Amino acid sequence: MAHDWQPDFEQLVDEHQSMVFSLAVRMTGDRGLAEEIAQDVFMEMDRNLAKIESALHACFWLRRVTMSRSADALRRRRVRGFDLWVEIEEDHGALEEGRNSPLGARLENLLATLPAPQRAVLVLRYQEDLTPEEIAATLEAPLATVKSHLQRGLKLLRAKAESQLKEYIRRA
Amino acid sequence: MPEPIDDFERELQQAFERRPAPPSLKRKIMERRRFQRADRLHHRAVFWQRLAASVLLAGALGGAITWRNAEQRRKGEAAREQVFTALRIANHALNEMNAQLAARNRNTQ
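From first to last, the protein sequence lines stand for chains A and B. For the first sequence, position 41 matches number 41 in the numbering used here, and the numbering has no gaps at all. Take any residue in the second sequence, count from 1 to its spot, add 172: that is its number in the numbering used here.
Don't read these hints as lab results, they were simulated from the structure. Remember, it's a predicted structure, so these values are computed and weren't measured experimentally. C-beta: ideal position from N, C-alpha, C; glycine also. One thing to keep in mind: the hints can contain errors.
To spell it out: a stretch of chain B is covered by chain A in this simulated footprint if at least three of its residues, at any positions, have a beta carbon under 8 Å from a beta carbon of chain A; those stretches are [to be verified]:
{"id": "1", "region": "201–213"}
{"id": "2", "region": "273–280"}
Straight-line C-alpha distance at most 27 Å; calculated DSS-like pairs for lysine-lysine [said to hold, decoys possible]:
{"id": "3", "chain 1": "A", "residue 1": "51", "chain 2": "B", "residue 2": "200"}
{"id": "4", "chain 1": "A", "residue 1": "160", "chain 2": "A", "residue 2": "147"}
{"id": "5", "chain 1": "A", "residue 1": "166", "chain 2": "A", "residue 2": "155"}
{"id": "6", "chain 1": "A", "residue 1": "51", "chain 2": "B", "residue 2": "198"}
Partner residues are not named here, just some residues of chain B that face chain A (Cβ under 7 Å, in silico) [claimed, not checked]:
{"id": "7", "residue": "180"}
{"id": "8", "residue": "184"}
{"id": "9", "residue": "185"}
{"id": "10", "residue": "198"}
{"id": "11", "residue": "261"}
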């Protein structure tokens, strides 16, 4: 289908690099891997630039491909026998050490301990401010599944915050 | 209607704000893009070179086969012409001999 929108690759990188990088880093918990994912995502976009129909479509496309690439990277890491749990334990260590670090950073550390599907919906919900319907479209998942992951993820994160973060311990 | 969000969710929204990408990310992406484009162009050039070479080779081979067939046909035609000429000469010689024999028979009678 013909479309009038003329994408400017460099401008797209400028506009969306922060979104792509943030999604990847929150999904993988690894800045280096997130940077690699971000590069791969933009390279894939360059190859498919002719199929992108609008600025909105570009944003949706980038989110979908970033989430899918991040999930693939996590899967590969598990297959390769990378000990994710050790990494999470290390994150916990960092959490223990960094009790005085900003609350946001500590919430992010807690996010890294959630199962990947719940992490994905929470990141899309609270970083990208997407509705469950938009998350379902992005992840190509049933709406009911997204809503269930959102509810369980939020509950789990809240429980972890209440048991591990001093700000929430006081409140609880 | 969107569901109301509580304090915890509001804090999550603040905590999960987009992070700035590393300053080198854009440069790396643009460099990889340039490299990939050059690589793609190189591959395309190699593809067209190979295609042109194949077409040239196929043309040369086809031409050689056609020329060989034409040459064989020409040689066959020439051989046939030679056989016909030999037959015509033999025919002419036999006719002459026949005529001479007939004349001799008439003289002896």
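Hint check:
For the region 201–213 of chain B, the proposed coverage by chain A is satisfied: 5 residues have a C-beta within less than 8 Å of a C-beta in that chain, meeting the threshold of three. Restraint check on the region 273–280 of chain B versus chain A: 0 residues with Cβ-Cβ distances below 8 Å, three needed, restraint violated. The hinted pair formed by residue 51(A) and residue 200(B) meets the criterion: a straight-line CA distance of about 24 Å does not exceed 27 Å. A hinted pair counts as satisfied when its Cα atoms are at most 27 Å apart, and residue 160(A) with residue 147(A) qualifies at roughly 20 Å.
Note on residue 166(A) and residue 155(A): the hinted pairing holds, with a Cα-Cα distance of about 18 Å set against a maximum of 27 Å. For the suggested pair residue 51(A) and residue 198(B), the alpha carbons sit about 22 Å apart, so the restraint of at most 27 Å is met. A least Cβ separation of about 6 Å between residue 180(B) and chain A falls short of the 7 Å threshold, and the interface hint therefore holds. Restraint check, residue 184(B) versus chain A: the minimum CB separation of about 4 Å is within 7 Å; hint holds.
The criterion of a C-beta within 7 Å of any C-beta in chain A is met by residue 185(B), whose closest approach is roughly 5 Å, and the hint holds. Annotation: residue 198(B) was flagged as interfacial toward chain A, and the flag holds, the nearest CB pair being 5 Å apart, inside 7 Å. Proximity of residue 261(B) to chain A is violated relative to the hint, the smallest CB-CB distance being about 78 Å (cut-off 7 Å).
In summary, the numbered hints that this structure violates are 2 and 11.
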